[in-house]
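*Asks:* Okay, here's what each chain looks like letter by letter:
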Amino acid sequence: MVASANSTQSISITLRVWRQAGPKAPGKFVDYQSANLNPNMSFLEMLDVVNDELTLKGEEPIAFAHDCREGICGTCSCTINGKPHGPGKGVATCQVYMRAFRDGDVITVEPFRAEAFPIIKDLVVDRSAFDRIQQAGGFITARAGSAPEANALPVPKPDADLAMDAATCIGCGACVAACKNASAMLFVAAKVGHLGLLPQGQAERDKRVLAMVSTMDAEGFGNCTNQYECSAACPKLISHDFIARMNRDYLGATVRAAFKPESMASGGGA
Amino acid sequence: MNLVGSLFGSSIGRKILMAVTGVILIGFVVGHLVGNLQVFQHPDKLNGYAQFLHNLGPLLWVARIGLIVAVLVHIWAATALTLENNRARGSAYGVKHTIRATLASRAMRWTGLVVLVFLLYHLAHFTFGGVQAATFKASLAPHTMTADYSVAGFPVIKAGATVPDVHAMVVLGFQNTAVALFYIIAVGLLSLHLLHGIESLFQSLGLRSEKWSVLLRRAAAVFCLLYFLGNLAIPGAVLAGKLPPPAKAASAQR
Ligand code: HEM
Ligand code: SF4
Ligand code: FES
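Protein sequences, first through last, are from chains U and V.
This note's numbering numbers the first residue of the first sequence as 62 and each following residue consecutively.
This note's numbering numbers the first residue of the second sequence as 190 and each following residue consecutively.
Simulated from the structure, these hints should not be mistaken for lab results.
Keep in mind it's a predicted model, so treat the numbers as computed, not measured.
For glycine and all other residues, C-beta sits at the position ideal for the given N, C-alpha and C.
Errors might be hidden in some of the hints.
Okay, the calculated beta carbon distance ranges per label pair [unchecked claim]:
no.	chain 1	residue 1	chain 2	residue 2	range
1	U	ASP222	V	GLY198	44 to 54 Å
2	V	GLY198	U	THR229	48 to 58 Å
3	U	GLU210	V	GLY255	55 to 65 Å
4	V	LEU370	U	MET102	52 to 62 Å
Quick partial rundown of chain U residues pointing at chain V, CB under 7 Å, derived from the structure [claimed, not checked]:
no.	residue
5	PRO84
6	PHE90
7	GLN94
8	SER95
9	ALA161
10	GLY165
11	ASP166
12	THR169
13	GLU176
14	ASN242
15	ASN284
16	GLN288
17	ALA293
18	ARG309
Reference listing, derived: stretches of chain V covered by chain U, where coverage requires no fewer than 3 residues with Cβ under 8 Å from a Cβ of chain U [as the list claims (entries may be wrong)]:
no.	stretch
19	202-210
20	244-252
21	319-331
22	370-381
23	386-395
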């Protein structure tokens with residue numbers, strides 16, 4: 062998708078990388094020259110090559126997070142030339158190829174920057190704040206055991222499709238990194254929207270949106286200013302329509318929570 | 190959290206407050222402009238209208254307090270959210286890059302701030318007379334109505350009544366080129382504020398979607414352009430000499 066040319070001409074680049082030894086250590090940009098790169102190698106392979114050279118020289122290799130290298134795990138959090146996941150649309154860092162750059166380019170690589178994503182080392186950030194938001198309500202409390210019969214709960218096709226759009230979120234954090242305010246609204250909206258569109262998610266729908274938003278706020282993410290940088294940077298191109306849906310859900314849940322009667326019974330009936 | 194706590198204490202709640210107060214303020218500025226455009230008619234019109242509003246008495250104060258509360262909540266939410274947003278970034282990016290955020294959306298804090306300064310000047314100018322006192326309505330000869338001023342068919346201000354000459358105050362106020370230009374710039378920036386604000390409020394209230402987002406964006410742009418042109422017309426016409434000061438007001442000033 063990023064391919065702009067089918068060139069086989071090798072390229073040389075200057076890599077300007079954020080180096081930071083640890084969470085509390087001061088960080089700075091360091092330049093590395095890298096020559097003779099195959100344009101069809103991936104961005105992460107280029108980092109591997111640079112790291113091999115650093116190791117041979119006895120220097121500390123650049124720490125970067127990666128896992129699947131095929132755009133499905135959301136681990137590869139890098140900001141390339143100011144854009145999370147680099148050039149291209151709808152791809153993760155691991156799906157960026159060196160042919161997206163030109164010979165002689167200076168490529169600046171830095172971590173995702175957000176107070177809620179503290180830097181662990183170099184390009185690696187701690188995104189466990191997302192896990193805590195998920196744990197606050199990003200699931201359906203269900204009977205464990207054998208899978209239910211698939212057609213027991215009918216789901217209209219348009220709802221299933223929309224829920225699937227939201228479910229493609231890989232929790233990478235690019236939305237936070239791209240947002241001018243480091244807001245996590247797109248991620249949370251994708252989770253809330255995904256479960257809120259399905260019949261299985263209805264019972265806990267109000268509780269979920271209230272709990273996930275309140276955890277999101279407590280984790281120190283910023284607030285949405287509706288500039289839609291998030292959805293433009295999202296490797297899954299998740300629509301900011303889900304943010305509007307979450308805003309509506311949140312307002313409804315807040316009003317209902319204020320007026321819904323609660324049971325006065327103190328016993329459990331047993 | 191209870192209802193009030195959720196609205197005032199959460200990220201989304203504050204955005205909703207900002208959107209709702211924004212709607213109230215938009216309603217006000219539109220009504221205000223429509224009323225002001227009567228300056229292009231006989232002085233009876235604007236003067237009768239102003240007197241009618243003053244005669245509302247306690248009702249006028251209900252509206253004023255509502256607007257003051259809306260402005261305060263709007264600015265409070267904007268400030269609280271902005272401070273959190275600045276904190277949330279942590280360390281700044283080495284390379285700053287914008288993918289698609291519009292200029293209007295990125296300038297909200299600055300356009301909002303200029304509007305606030307303008308609002309204070311505007312109140313001092315036409316409501317309290319703290320600035321440009323020589324042309325304040327209280328220092329001008331009153332206007333004698335030549336015809337009835339009617340609202341919804343009811344003659345609320347009768348012919349022959351003497352009322353403050355607001356029409357002359359407006360025209361004389363804009364004789365000062367610097368003041369007229371300041372008004373034009375300020376309403377231009379307010380229009381820019383609303384260009385993002387209108388689109389944004391639909392999203393904050395959960396009413397925007399991809400299906401009609403293009404229509405919404407265009408409608409907001411047309412609205413803001415019309416709003417700007419309407420506002421430009423009044424000081425613009427005075428600067429261009431199309432709205433001359435009435436002879437008796439000009440002589441009263443001497
Ligand atoms: C008086 C000083 C003002 C300041 C400091 C101010 C500031 C702001 C800020 C920072 C935002 C948030 C931008 C964003 O989230 O993208 C905003 C939104 C908005 N403002 Fe203002 N503003 C002011 C006056 C006004 C006035 C007079 C109006 C209406 C005529 C208005 C209408 C709106 C609307 C409709 C929004 C969108 C709400 C939303 O994001 O959902 N503002 N303002
Ligand atoms: S919404 Fe998109 S950018 Fe945000 S975490 Fe999910 S996949 Fe990543
Ligand atoms: S490494 Fe898994 S998405 Fe990039």
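*Asks:* Run the structure past the numbered hints and jot down the numbers of the failing ones, going up.
*Replies:* 1, 2, 5, 7, 8, 9, 10, 11, 20, 21 and 22
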